[in-house]
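Protein sequence lines, in the order shown, are assigned to chains D and F.
When we follow our numbering, the leftmost residue of the first sequence carries the number 1, and every step to the right adds one.
When we follow our numbering, the leftmost residue of the second sequence carries the number 1, and every step to the right adds one.
These are computed hints drawn from the structure, not numbers from a lab.
One or more hints might be untrue.
With the Cβ distance kept under 10 angstroms, some of the chain F side facing chain D (calculated, not the full set) [said to hold, decoys possible]: (1) Glu37; (2) Gly70; (3) Gly77; (4) Gly81; (5) Gly82; (6) His137; (7) Pro141; (8) Ala294; (9) Tyr308.
Output of the computed footprint for chain F on chain D, the stretches with three or more beta carbons under 8 angstroms from beta carbons of chain F [stated by the list, open to error]: (10) 112-119; (11) 166-172; (12) 203-211; (13) 218-226.
By construction, the Cβ of each residue, glycine as well, lies at the ideal position given by its N, Cα and C atoms.
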Amino acid sequence: MPRKSVYKAEIEYLQVMDENGVIDAAQSRNTLSDEEILELFKFMQQCRQLDEIAFKLQRSGRMGTYPQNKGQEAAAIGTAYAAKKGQDFLVPCYRENAALFMHGLPMHYVLLHWMGDERGNQIPAGVQQLPLCIPIGTQMLHATGIAWSFKMRKEPKVALTYFGDGATSEGDFHEAMNFASVYQVPLVFICQNNQWAISVPRETQMRSRTVAQKALAYDMPTYQVDGNDLLAVYKIAKECVDRARSGGGPSFIEAVTYRLADHTTADDARRYRDPKEVDMWLGRDPLIRLRKYLETKDLWDETKQKAHEEKCKAIVAEVVKTAEGIEKPSFDDIFDYTFAALNPELERQKKTARTSSLGQDPTQVGLSEQPQHA
Amino acid sequence: MPRTEVMKQKGLTLVDAINEALEQEMHRDQRVVLLGEDVGANGGVFRVTEGLQKIFGKDRVIDTPLAESGIMGTAIGLAMGGMRPIPEIQFEGFLGPAYDQLTNHAARYRSRTRGAITIPMTVRVPVGGGIHAPELHSDSPESIYAHTPGLKVVMPSTPVDAKGMLLSAIRDPDPVVFFEPKRVYRSFREEVPEEEYTIPIGQAKVVSEGTDLTVITWGASVFECLAAIDKLPEDVSVELIDLRTIYPIDLDTIVQSVQKTGRCVVVHEAPKTCGFGAEISSLIQEHCFLHLKAPVQRVAGFDTVMPYYKLELDYLPDSKRIAESVTQTLAY
């Protein structure tokens, strides 16, 4: 028997708006209206402002380690906008704040999280999302389970999960992809391929020429898009969300983008990254091309820009004030969420603030009334 | 920075000492390779492997894909193949994905092959809280691994101990989990012998001798205990033991001390229940029963999830809690 091909595949790459804000007319159907582009551009600036201020908060000692989102907002917003707020469910890692905000997370929650306060994870009722996920690549399995529950309960909901290029090296990623595919759950996998997993470049992370091709192994519709192109991201995400909602199963999107900042404020990317590469990607910033586009449409100008910047600053200043105005949690908070009800040992530890038995039980035999060195 | 420059600033930090041990052993033993996330070009997120890729090249200081099970599992394979791998797991919280490989494979290979296949591997892991780190960057899981037969577990607290114990770990014929207390990474410097030397695994260290009460601890808590002892009246004589090796435990040092003092407080960051203090306390009642003048006390983390950093100092045993417990134990 002659050898024959049993599998052939190709992966589409989509860009609708180029770095200069010029739209490819052939691809612009089923994307965003100019009004939508304008609104999302304004929202993107607000998210960028928060990101810059968060960085400064860390630098001035007012916040702990923070991973900047800078440069990746189009991937977050384009996908989140394709989903229905309050209905569809977002499962993030930690570099898509804009998506979370768009779906109703108050902005100060993210600051609170990085200020070392669990209340930043206490997602308000009605907001359909999980909190940030610190381990790499574990959350896609939860997203798969959540989407699976939608299918079991016959709810017309879709889950979207976010992760980076590095996360696709983890075993959990592949297990999530396989489960999602086997059970055909309504889920969109969104890889923000920002080229760097801390100091490890994508080419060292994997030999695969694209991240998108990893989904081929699970026979999942898969796409590569210009992740800094809001319109392309939205267009593909909308297709994937609609397909998932109508019972078509999971999809995979590789949004090709770039981490313009350090991995986190604890990192210094100058140690391992060529500044020329960063400069090149600075020119591909999603905000720049959107502004250029809107200016050619006479929907934006320097005056509007200045006014909007002031507005963003005021909004973000208020967000910071809210976050910083929240007092340190009480000592009892350490205990109160361990279980629905505390067991006697936890109650003792909470009441006495001790783990040593002599401090816990004053009725213990042998205790002297007056400690020698109290 | 060259060692001569570093030493001018009065000695090495824990980070420097581990780096020096790695460099010396990699020169001495061509089988030693480092692998992990960001250990190469970036020198590790704590800079522990700084400069080593420049010296030894990308084949011996390896930036791996982001996959802890992959790192641990392939390190096991490297060890089986005749190498001396030193995998780094970036934070203790990320041991999770590698747990299966570490406990079900690395720990068991000697036993399940009746000695035919062994895993000489040193797993380096930053550990512990107190540095304002994000979630899952501050835990103390040492007792989980001490409870895994087939693993040796160490946690040095000083640069001198770190260097000597790391060299012992690398040369050990069995897998060693080498926990590095990140709170101590750069907290102080001390003079560290430049030549190579080893400190045996399984030997505790008496930090200060005393007659009234024994405090047993390890890792960053050693320094909280020292601060606690400073708070006590001068006529109180406390013997402080830095366990250094969690498993195999140095029973002799503990027993000798507690038989002398009759009172003991164990201090660790990990949660109290099933923390290693439970094992120590049990050993003491088994071996020192008639010498005891007070119940053995545990000053530990609470039996809760390690809180985010706003509350971490309320969670971690501090010198005040330790001193109070010592005082109460003395008063018993």
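Do the hints match the structure? See the list:
1. Glu37: 7 angstroms, holds
2. Gly70: 7 angstroms, holds
3. Gly77: Since chain D brings no Cβ nearer than about 16 angstroms to glycine 77 of chain F, farther than 10 angstroms, the hint is violated.
4. Gly81: Hint on glycine 81 of chain F: violated, closest Cβ of chain D at ~22 angstroms, above 10 angstroms.
5. Gly82: Given a least distance of 25 angstroms, the restraint on glycine 82 of chain F is violated.
6. His137: Since the shortest Cβ distance to chain D is 8 angstroms, the answer is holds.
7. Pro141: This hint is violated: proline 141 of chain F lies away from chain D, its Cβ roughly 14 angstroms from the closest one there, beyond 10 angstroms.
8. Ala294: It holds, given that the least Cβ distance between alanine 294 of chain F and chain D is near 7 angstroms, below 10 angstroms.
9. Tyr308: 4 angstroms, holds
10. 112-119: holds (count 6)
11. 166-172: This one holds; 6 residues, not fewer than the three required, reach chain F with a Cβ under 8 angstroms.
12. 203-211: Check passed, 3 qualifying residues.
13. 218-226: violated (count 0)
Violated hints, listed in ascending order, are 3, 4, 5, 7, 13; each of the other numbered hints is respected by the structure.
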